[in-house]
Amino acid sequence: MQFHKRTVVALFGALALSTSCQKDLLDKVNPNQPTVENFWKTASDAQAGVAAAYSALQFPGTYARWVHFANDIRSDEGYSLSPWTDLANSTRFVQLDYDLEPVRVMWEDHYRGVYRCNQILANVPTIQMDATLQKTLLAEAHFLRGVYYFNLVTYFGNVPLILDPSTVRSTAPQGTIATGMAQVVSDLQAAIADLPVSNSVGHATKGSAQGLLGRVYMQQHKWSDASALFTAIISSGKYALVANYLDNFTIANENNSESVFEVQFSSVNQGGVQDVAGASEGFERAQFFGPPGIGWTDGRARPWLLDEMSDKTTTGDVDPRRDITVFHYPMLLFGQTYEARKVPTTDTFWHKYEDDRIQNFENYFSGINFRLIRYADILLMQAEAQNELGNTAAALPLINQVRSRPSVNITPLTGSFSQAQMRTQIMHERVCELAGEGTRWLDLNRWGLLSTQASLDVLKAPNHDPDFINFVIGKSELYPITRTDLTADPNLKQNPGY
Amino acid sequence: MNKLLPLPGRSLVQVLACCLPLAVATAAPVAIAPTPSTNAQPVAPVTGRITDAKGEGIPGVTVLVKGTSRGVTTDVNGNFSLDAPEGAILVISSIGYASQEVPVSGRTSINLTLNASDQKLDEVVVLGYVSQDRQNLTSAVSNVDIGGAKKAPAATITEAIQGRTTGVQINNSGNPGQNPSITIRGLGSINGGSAPLYVVDGLWTDNIRDLNPTDIEALTVLKDASSTSIYGSRGANGVIIITTKRGKAGKPTIGVNAYAGVQNTVSRWKLTNAAQWAAIEQQAYTNAGLPFPGSVANPQNYPDTDWQSEILRTGTVQDYNLNLSGGSTGDKYSTNFLISGDAFKQKGALLNTDFTRYTLRLNSGLTYGRLKINESVQLAHAFTTLANGQPFQDAVRLLPTIPVYDPSETPYTAGYGYGSPAANTFGTNPVGSQTIETRTQYNNRIQGSVTAEYSIFDFLTYRLNLGVESLDYTDRDARRFGRISQNAPTDPSFLTENRGDNTFLLAENILNFNKHFGDHGVNVLVGYSEQRGKNTNASATARSFVDNSPGSQNGYVITAGTGTTSVSGTIAEYSKRSYFSQLVYDYRSRYLITGSFRRDYSSRFAPENRAGNFGAGSVGWRISEEEFFKNAVPAISNLKARASYGVNGNDNLGEYAYQGVINQNVNYPFNGVDVNNGQIQTALPSTGIKWESRYTTDFGVDLGLLDNRLTFSADYYTSTTKNALVNPTLPAYLGNSGGNPFTNVGSLRNKGWEFQVAYQQNRGDFTYGASANLSSVKNVVLQLAQEGQVIGSGATQTAVGHPVGAFYLIQYDGVFQSQTEVDSYKNAAGKIIQPYASAGDARYVDVNGDGQINDDDRVYSDTDIPKVQFGFSANAGYKGFDLSFLVQGSAGSQVFNVARSTMDRTDDPSNFRADFQPWTPDNRSTTTPRALQSGGATGNLQAAAASNARGSSRFLENGSYARMKNISLGYTIPKSVFNNLKSISSLRVYVTGQNLFTVTGYSGPDPEFVNGNFFQRGVDYNAFPNLRTFIGGVQVGF
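Residue numbers (the numbering used here), protein chains in the order written: chain A, 40 to 537; chain B, 648 to 1685.
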């Protein structure tokens, strides 16, 4: 091997010539996802953004999982014997860890929904697009933000009200229940103004927003405001009870005439993580409430529901809604007997929204849509509003309409009711029709049953819901605000009593 | 300037070398063709004997005819014989002795005395882009005793150097294939990137697990800014420089090293058996006024499973290394080569875990006149089978009354036992999790570099350094259908395959001026470099495999899935451009000054924040070189004082972080069936981020006594990280779904002392020595984003005035012994603080005096960061025998014991410690509350059960420990024993024991563990404990 000066010079020279500096060496653009600057330009961007805002309804902390603990299990309709003691305790009004996952995740996931709505409301108005579509999409965002904040205020009370797209440095003032609900009302009014009576399947309609705002007014005892909205829904002619009561809780016949607003779920994807291609669109409640051997059985139905649902049909049978709502002995548990599954015969479990009608197992991918607002609920709320307004007689036909649904066929009520009698009757009707559908916690609050020790003493009776022995008036109506946020934002104050 | 093509598909050289070489190369005026070789001379035999200072023959000395590959080694008596030309020069060298060159000058007999080299001081230390004699160092730099480390072989070099140097904290575990965690001089960053930079033969890398420790020649730890700032944006967490072995001139040598051994967990929890467990549970249910579940009432009717024994086994470790090396030297050129192949295999002590690694190293070099080229490359193939979930935690959580296998388990057919109403738990069967699912990682990694160096003048050198790292990997996760915990969802069987490749390219152009002007030594260096990285991956999941029989993984390929599928894939690219310069000056090796500067541009930041400047300076004074001192204190052979100050940086936070992006898969099935593609921003970006900078000041002194047989060095340092990239937990109400974004708002400081003392003595056949090191570190956060902001993470909180990840817990205050104590435990206003409690319940401190116990009563406890860590090693040799040991440990750390907090809570199902004795009226414990099941008959019982179960300071323990890290005994068999086997030149056999015993007050299996959560490094989730290993090995030289 012989090296010569010329060789070496040529070698290094060639190196140098072939390796000149690249000017844009340092400009690396993310190839994986478009940058925000290039989004919010077209109508399809706006539509995709709104779909993303709906997507937040499917989070574990929203309708896929944990709200059903807050609504059904925390209320006197349900209870938990979960070996996850902290979870069970949180439904018994015992929560020492303010970052407890199920509660913290509810807080986080609802605000993820809010963040998405805020982006739409800030950016879609700047897009050049069809004006009607633009208005509809903005109204849908208002509706969804109303849903998210309504739940947040219901569960956590004094929540921060963030209404603009977040940045790393954003902070938001802490609201009160009053200011929070005012925001919900404002959003829902904006939604009602621009939502169409009919919309594409799964999207919010004018009726959806009216129904939810009516629910809000009911909680505020604004009976006439609520009633006016219910009247609008009823008179729209768009809604009717489905003949088969069961059609409200199965994967068959979804988005039917009784559906005022549904959270859409699908078993089509079985990926685990949210917001990636192929991620689950599934409803997880069935797995969490499923009976032993099938699901976690983290939430159970209280046995008193069986007694409550013992009205007779015109043919003398027990209210058929009972077995659709609650598993009890000697019903089959997903095709097997209590004995075969070694389950004590006194145990009762939620049957609504379980998949035993189509399969003998559960997982995190149930495709049943959650009916957030049903027309039957609208009718019963209208009955209640009318009764509270003094039109007790007007309540009766509304109740009977629900009782007389063909597949239910409970003997209609007749005669005259005092306002108080009617109030009690409506309480009974709501349990029979709506148990396990997330309205009971609101009902207990609206009826003032959580605000006096006397009514709590009734609730906590051993044969009703002894979990209420831990209920502290002025504290237990709300969950504690998550420690993560109290730590991250020193201006936030914890809810009273925690 | 040429526009370059995008990656990939270009030659490495094209991509990387840039700008500088042209001017340099064309400026080269010197002829480099060597002079023609001289005519052959007559050859004559030369014999002789090489002896040490005491006149004893030294075996194994290389005697080489300079400029040739002709050479021999001395025999056991130090004698040699070879044929050499009359005019030849003999190069005589041996490790531990100063080399000599001797002209033959016609002699036939040459006897020579070699002087033992002053190893510590004569070492050349690789410091960034220059090398320096150790005696002239002005930086805080540790050369790790690789020879000592290799006496106790380990899977990774990180593990091997634990306890052997100051200022380096290494935490290990028994998990096969896991690289230990390592931090140098404390946590310099809050963002989680606190690992040092590794430079292997000039290649920058983060990946050291796949490097074969046997191939390492030297390892240097750069700790202060004056040594690390030349690494600019990557120097903030310290730099570990690794040099691999090269062939030596002379006859080719073959080395064979092999060892094999067994591994076991040193300790495990002592747990209750079924009957003992049920007895405590009965207390818990009785106290709560609740009926007993089946296996609590009648444990004798249920199994009695020892879950820890079910998941543990005797592991094995084996390693086989074969290397061939050699070289030649001549007037014209010299060459060297090394080929080293290694197979390492570890069968984990945990069921179904293992680690296998094959490496092949090819190092070679050529010196030709003024041109010197060195090449170094390692091919590694590593295969790991991972632990699933938290098997050690599940082993203490699962009840003894649950069977491991349950053939009657239906309808999910996996056949594992799990919780039931009679033994009610959601705990996961750990045998099930280790056998129903198989997770493997398969890596093919190339790490290589080529350095070409050309001496333009004797004093001016141009160097081009090209480095490449390439990783191809496949991660597989295959799970059969079936249940391993009570009532769990029946997810379909699945296979996830994640494949990808990571490429890193590095090019450095360096011009080095090095000249002595009388008493002034000057070394100036300027350089330019570019780095590029590209990581791509694609992942697919297929579900519902038809072949679902237990143990069968055959059907598990993606196309065989019959259910729904998911796919994903990402690309991440980054690049860096740097200009740097370094100056080293000395006056008569007495006054020493260094300086360095680096300017980096990183693609990880927005254009306006891309550039960062880093630099350092240091001074040193070799007092022992002063005449007055030599005369005054002759006993002190070396004394040096040094000081340094500088700044370096950190951009270790991933790609594209400053860019806000739209998530294109935020989907919703509007009609309940078809998935509608939603898009929106779901993650908040790290807007406006820039470099994080760490400023370090170091003062040090080095002392040598007794001709440097006794050496001592001490350092004090303080380092402050400013503009720290902090990603505090944001308020969840911002709605962020991504990771927490970074902002440059933090500041934190580390300071500490480091001491090292060593003594080495040789007395004839007897040699002995000892070395001790001690380091302290104190970490404190100086600033976070806004006044009052803290970063909470589980049991820890990071706040100004406290260390990163300080424990922040409600304070446990023993057990109420009577109702009177409960009733009299009031705050100043007279409010009973724990009105729900009864005798036997836990008492907590009402720190804020508001009359209740809640999060506001948490206080900072001490940190997980050890105040002091230490190592002590000693060695002794007599004739062929060598014995050494290393003790290593730390003091002053706290550990939150999650396993104990799980077991000691009685409201929730788990097994118990065998010595767990809850309070009873007859056995009034002052430390352990009464057993109390949740969901009790009254509100007070429910509240008390939850209160007793709190994760409080009750579970915080002292994590101090001292460990007999290893003992090694070796015997070098005298040559006389195997005289018949002429081909063997050396033979050593040895045995070592590692992690033999640990002295600690910690109640868990191991106070040393790895927790990957940066803020919870001190939280022990019942991690994989370190293993006790016994190894026997043999080292053969041919």
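Hints are computed from structural coordinates only; laboratory data are not their basis.
Be a bit skeptical, because a hint or two may be false.
Unchecked claim - Coverage of chain B stretches by chain A, computed from C-beta distances (three or more under 8 Å per stretch; other residues unrestricted):
hint : stretch
1    : 1572-1586
2    : 1636-1644
Stated by the list, open to error - List time: in silico PhoX-like cross-link candidates among lysine-lysine, alpha-carbon distance up to 25 Å:
hint : chain 1 : residue 1 : chain 2 : residue 2
3    : B       : Lys1478   : A       : Lys532
4    : B       : Lys1369   : B       : Lys1425
5    : B       : Lys1019   : B       : Lys892
6    : B       : Lys1019   : A       : Lys514
7    : A       : Lys514    : B       : Lys797
8    : B       : Lys992    : B       : Lys898
9    : A       : Lys67     : B       : Lys1019
10   : A       : Lys174    : A       : Lys67
11   : B       : Lys892    : B       : Lys713
12   : B       : Lys797    : B       : Lys1622
13   : B       : Lys1019   : B       : Lys979
14   : B       : Lys895    : B       : Lys1622
C-beta atoms are modelled at their ideal positions from N, C-alpha and C, and glycine is treated no differently.
How the hints compare with the structure:
1. 1572-1586: holds (count 4)
2. 1636-1644: n = 0 at 8 Å, threshold three: violated.
3. B:Lys1478 / A:Lys532: holds (22 Å)
4. B:Lys1369 / B:Lys1425: holds (17 Å)
5. B:Lys1019 / B:Lys892: holds (17 Å)
6. B:Lys1019 / A:Lys514: Answer violated: B:Lys1019 to A:Lys514 is near 79 Å, above 25 Å.
7. A:Lys514 / B:Lys797: Distance of about 64 Å is beyond 25 Å: violated.
8. B:Lys992 / B:Lys898: Violated: B:Lys992 and B:Lys898 sit about 32 Å apart, past 25 Å.
9. A:Lys67 / B:Lys1019: With a Cα-Cα distance of about 36 Å, the restraint between A:Lys67 and B:Lys1019 is violated, given a limit of 25 Å.
10. A:Lys174 / A:Lys67: violated (38 Å)
11. B:Lys892 / B:Lys713: Holds, because 21 Å separates the two Cα atoms, which is no more than 25 Å.
12. B:Lys797 / B:Lys1622: holds (23 Å)
13. B:Lys1019 / B:Lys979: Answer holds: B:Lys1019 to B:Lys979 is near 12 Å, not above 25 Å.
14. B:Lys895 / B:Lys1622: Satisfied, since the Cα-Cα distance of roughly 22 Å is no more than 25 Å.
Violated hints for the displayed structure, listed by number in ascending order: 2, 6, 7, 8, 9 and 10.
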